[in-house]
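**Q** The primary structure of each chain is shown beneath.
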Amino acid sequence: MDLSTLHEVAPRAPAAVDYEAFRRELVEYMEAQCPPEIREIVRTNQKLGRREWSEWQRILNARGWGAPNWPREYGGTGWDLRQRYLFEEVSAQLDCPPLYHHGIGHIGPVIMQFGTPEQKARFLPRILDGSDWWCQGYSEPEAGSDLASLKTRAVRDGDEYVINGQKMWTSHAQEADLMYTLVRTSTEGRKQAGITLLVVPLATPGIEVRPIPTIDGWQHVNEVFLNDVRVPVGNRIGEEGGGWTCAKFLLDRERLSPATVPRLARQLEQVEEMLRGRLREEGASPSLHGMLERLFLAQASVCGAREMLLSAIQEEMAGTLRSAKSSALKLHCSELAQQISTLAFDGCAPRYAPRLRPLAPAADGADERDPQRQLVHTYLFFRSRTIAGGTSEVQKNVIARELFEA
Amino acid sequence: MRTIATPLFAGDVHETALRLAQAQPWDASGDAGPAWQQILELGWQGVLVDGERGGAGAELADFAAIVEALATRALTVPVIERCAIAPALLAACDSPLARELLERVASGNASVAPALHAAPQHAAAQPPTLRGDRLFGTVATVDWSVPATHVVFDALDGTSDAALLIVLDAAELSSRVRRFVGIDGRTSADIEVSDLRVAEPHLLLRGAPAAQAVAMGQQLGSVFGCVATIGACGAMIEQTVEHLRTRIQFGTALATFQALRHRVVDMYVAYENARGLVREQVLLHAQAPDARHVARTRLYVQGVGRSLADSTIQLHGGMGMSEETLAARLAMHALMTALRYGDRSDCLDWLVSEVVDEALAA
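Listed in order, the protein sequences are those of chains A and B. Following our numbering, the numbering of the first sequence begins with 1 at its first residue and continues without gaps. Following our numbering, the numbering of the second sequence begins with 1 at its first residue and continues without gaps.
Source of the hints: derived by calculation from the structure; they are not laboratory data. Treat the numbers as computed from the prediction; the structure is a model and nothing was measured. We treat Cβ as the ideally placed atom computed from N, Cα and C, and that holds for glycine. There's no promise every hint is true.
To be verified - These stretches of chain B come out as covered by chain A in the derived footprint (C-beta under 8 Å, 3 or more residues):
1. 252-265
2. 345-356
What the hints assert, rightly or not - Which stretches of chain B does chain A cover? Using the computed rule of at least three CB atoms under 8 Å from a CB of chain A, they are:
3. 239-245
4. 298-311
As the list claims (entries may be wrong) - If you anchor each label on the Cβ, the simulated ranges turn out as follows:
5. B:Thr246 with A:Arg58: 29 to 37 Å
6. B:Thr246 with A:Ser287: 42 to 50 Å
7. A:Glu293 with B:Arg206: 48 to 56 Å
8. A:Pro71 with B:Ser107: 50 to 58 Å
For reference, chain A alone in the conformation it holds in the complex:
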């Protein structure tokens, strides 16, 4: 995607910022500092783990770029929207890892908004430098889309909360230090009113993490069982009963992640590269023409999504963003991600779907580094895009409520 177009589609910026120079600075730094083995993992669509993410976070933070979306007072960059978008775009184009969303994107801003000064001092620096790794304890076996029905109980006992219950679909729990967790502290009144946000160190006695095998063959989601888990009251973010407000605040930001669209654009470039390779090798055929049509449509759709995202962030900053638009963006990008991954899958599945997991992998790691094999994993993983973070059907209900005012 041509970065020069950002001059026109992004909001006007202060004249003092030289964006071309800024972009060059990003390119030079990322090319020089992002370890080649990490870029190779990203380029070949392999599953990223804490090791790669935290290493990149440490490097970025050393440069002062650990949190592009945070204000300077908390150690962020204070960049404007265009700088943030350029950062994400260059990062995606150079196959650097995206920023780890649970820390920088999700809980960090929640702590800034609702946390005490002590909590800010305790948690934010360790998110920034990658020392602490976070996961999100929201869903439960009986509370998925209907999150407010969650049942995991936290009972106050002196200066502690005692937690009992089960969380589900908890991404990265197997490698995280801390879990920000929605728990029920009251069954009185509206069910949303009895929810509280707690920070639970995963090394606390009484916690068991069990992996959930998923269709994509990657390990990333888990069940987390909490049995008489004790955490100090000081680990509560916001007021008791104020967890739903925190959750909604987080969700609104999650839908406006500037990283989403550049990553889709990069993936589409890989798909185009794959199709061009097939054209060179096999010549033009009706089926390849059909795939090219889908490619063109996806390219156009990514351009539209980019403008949608930029205008939504701009409206958010001006306080005029409608929830219908942010939900529309989430809905659209989720489905677009699936379209792109489906196109990739159609191109490489005949060869790789039956050979997804070699029982005797090549000793030099060549199987893992094969981008087309990983595109099959990605296709399967991306089925979750229209489920996680609010299913597409829930998003449609949210949008419809606003469109119809009822």
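Following the hints, complete the assembly by docking chain B onto the known chain A.
**A** For chain B alone, kept in the frame of chain A given last:
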């Protein structure tokens, strides 16, 4: 009426055009004359013409604001043709006749109807052929919804196959015109030009400059056609939401049925995405026109326009079949704008050939 659509380029120009559009009563005969007269009085034929040629020298975004606003009422005025394409074609020529005509267009004293046949992404009809000083063939699908003083069109040199750009007085064509009414109520004309003499001054461009001018005109038509589709789509959603909120069936508003609500949401999400794409396209085109980007945008927006038109008709039930319903006219408007200046097949074939040629040459 709930406001759901966001203008591509909000501002005074959009507001003025919106007021003009909303003031036009629907006329079953499709007479676009009263609206067009106001457009001439407002000087919109000269809005994109340079100041030194008597125009306003406005940005493409300003003109897009006009096109979008007029499309929200499905007005069948030839604003894209007469206010954007024809002036751009004339501005690309360096002849005294073209210069004079452009100034008359900018002042509203002439109105030039364009017809483009041989643009690379739009192979709708075979252009007429010039043999010696005589034309043969048909100038096809000229917007004839309001009177024109001239027709500008592309043709082929019968000897060299070179592209040509020709302008003729409309008065000398009147006996050769066959008129039609299209699905959106717009009047167009096929003009039989066989054995018609072309005087040398009327041959505006020849060869590569003519081909480039035609391609440029076609791209302008494509971009603004997409803008019109977005205008119609936004209005279709607002009309549909209003209908579902007020129409009572089975003792309750239709808006309470989840199946219908979700279909409207699908329309809205598609609209927001296409709107972003088109907004970016207008800004890009002003900076550096890119034929592939234009074709890709058009390919995508055509699909969105078609899909929203189908949904609008379906969600309006029987009302969606009535010409008297604005939503139905908007649907027809969206369908028709998707066909002008290159339909889906034209765009796709051209894009595929570009990529295949490039890949095979690598």
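**Q** Now tell me, hint by hint, if it's right for this structure.
**A** Outcome of the hint check:
1. 252-265: Holds: 7 residues of the region 252-265 of chain B have a Cβ under 8 Å from chain A.
2. 345-356: With 5 residues closer than 8 Å to chain A, the region 345-356 of chain B meets the three-residue bar; holds.
3. 239-245: holds (count 3)
4. 298-311: Holds, because 4 residues of the region 298-311 of chain B bring their Cβ atoms closer than 8 Å to Cβ atoms of chain A.
5. B:Thr246 with A:Arg58: 29 to 37 Å: violated (59 Å)
6. B:Thr246 with A:Ser287: 42 to 50 Å: holds (47 Å)
7. A:Glu293 with B:Arg206: 48 to 56 Å: Between A:Glu293 and B:Arg206, where Cβ atoms are some 36 Å apart, the hint is violated.
8. A:Pro71 with B:Ser107: 50 to 58 Å: holds (55 Å)
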